[in-house]
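Novice: Each chain, written out:
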Amino acid sequence: SQKIEQNSEALNIQEGKTATLTCNYTNYSPAYLQWYRQDPGRGPVFLLLIRENEKEKRKERLKVTFDTTLKQSLFHITASQPADSATYLCALDMDGANNLFFGTGTRLTVIP
Amino acid sequence: DAGITQSPRHKVTETGTPVTLRCHQTENHRYMYWYRQDPGHGLRLIHYSYGVKDTDKGEVSDGYSVSRSKTEDFLLTLESATSSQTSVYFCAISSSGQGAAGELFFGEGSRLTVL
Numbered sequence: 001s002q003k004i005e006q007n008s009e010a011l012n013i014q015e016g017k018t019a020t021l022t023c024n025y026t027n028y029s030p031a032y033l034q035w036y037r038q039d040p041g042r043g044p045v046f047l048l049l050i051r052e053n054e055k056e057k058r059k060e061r062l063k064v065t066f067d068t069t070l071k072q073s074l075f076h077i078t079a080s081q082p083a084d085s086a087t088y089l090c091a092l093d094m095d096g097a098n099n100l101f102f103g104t105g106t107r108l109t110v111i112p
Numbered sequence: 113d114a115g116i117t118q119s120p121r122h123k124v125t126e127t128g129t130p131v132t133l134r135c136h137q138t139e140n141h142r143y144m145y146w147y148r149q150d151p152g153h154g155l156r157l158i159h160y161s162y163g164v165k166d167t168d169k170g171e172v173s174d175g176y177s178v179s180r181s182k183t184e185d186f187l188l189t190l191e192s193a194t195s196s197q198t199s200v201y202f203c204a205i206s207s208s209g210q211g212a213a214g215e216l217f218f219g220e221g222s223r224l225t226v227l
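In order, the protein sequence lines correspond to chains S and F. Numbered by our numbering, the letters in the first sequence go through residues 1 to 112 in order. Numbered by our numbering, the letters in the second sequence go through residues 113 to 227 in order.
Chain S on its own, in the form it takes in the complex:
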C-alpha cells in the first residue's frame, strides 16, 4: 500500500539556521508533490508544489527538492524565524486524480 513518511514528528532549530524536513514515499510514482503549513487549530495552507520533472523549486526563503529515484522530497526553510514554527505536511497525488494523500507532518519549532 502507499505510504508517506515525514522524517520526524518534531524538529527544534535555532533562529537563523536552515530547517530541513524530509518526506519519503513508497510504492508509487507521483506526478507532483505539495507542501502545506498548518498552525494549531487551523486548516493547512498551501506553500509549494513541485512536479516530477522539476528537481528544485524556490519561493522566498523556502526551497523544495524532489528526487523521484530516492522517492524523497526535502523542504528547506532558510534563515528560520520563530514565526516559521508550525507543522509542515507533505502531500502526494497517489491515484492520479488530484486526491492528495498526506504525511503525518513534522512540527517545527524555531527557538529565538
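Do not rely on the hints blindly, as some may be mistaken.
Simulated pairs of lysine-lysine, BS3-like, Cα-Cα distance not exceeding 30 Å [to be verified]: (1) S:K3 - F:K169; (2) F:K165 - F:K123; (3) S:K59 - S:K17; (4) F:K169 - F:K182; (5) S:K59 - S:K3; (6) S:K71 - F:K182.
The following residues of chain S were derived to be distant from chain F, with all beta-carbon distances above 10 Å [stated by the list, open to error]: (7) S8; (8) A10; (9) L62; (10) K63; (11) Q72.
Treat the hints as calculated values from the structure; they're not laboratory data. Heads up, the beta-carbon is just placed ideally off N, CA and C, and yes, glycines get one too.
Got chain S sorted already, so can you dock chain F onto it with the hints?
Specialist: Same frame as chain S, now just chain F:
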C-alpha cells in the same frame, strides 16, 4: 483567504445520533473534499466531489455519506455516529482535479466529539 466556511465548528454528540457537517464555498470551485485529521494518521480523504451530484469515495469512506446539490455546498453526513468518528474534519476546495495538479484551499475545520 479562500472563501470556505465550515459549520458547525464544534459539536459534541452521542453515539448513534446522525450528524451533518456543512462546507460552503464562495469561490465557485468545481472540486470539493472532506478530510479527517487524527493524531498519528494525518489527513485522510473521506469523500470528494467533482461537480454537482458527482461524488466518489476516498480512503476512509465507511460510515460517511456526502451530498452536493449546489456548487457551493458539500455536506458530510454520519448516519449513526460512533466514537471512532471523533475527529477534526476539514473541507477543502480546488479549481483543479482529475490528474491536474492543483493546490487545495482548506476550511478552518469542524471538531466533532462522539461520546
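Novice: Enumerate the violated hints, using their earlier numbering and listing them in ascending order.
Specialist: 6
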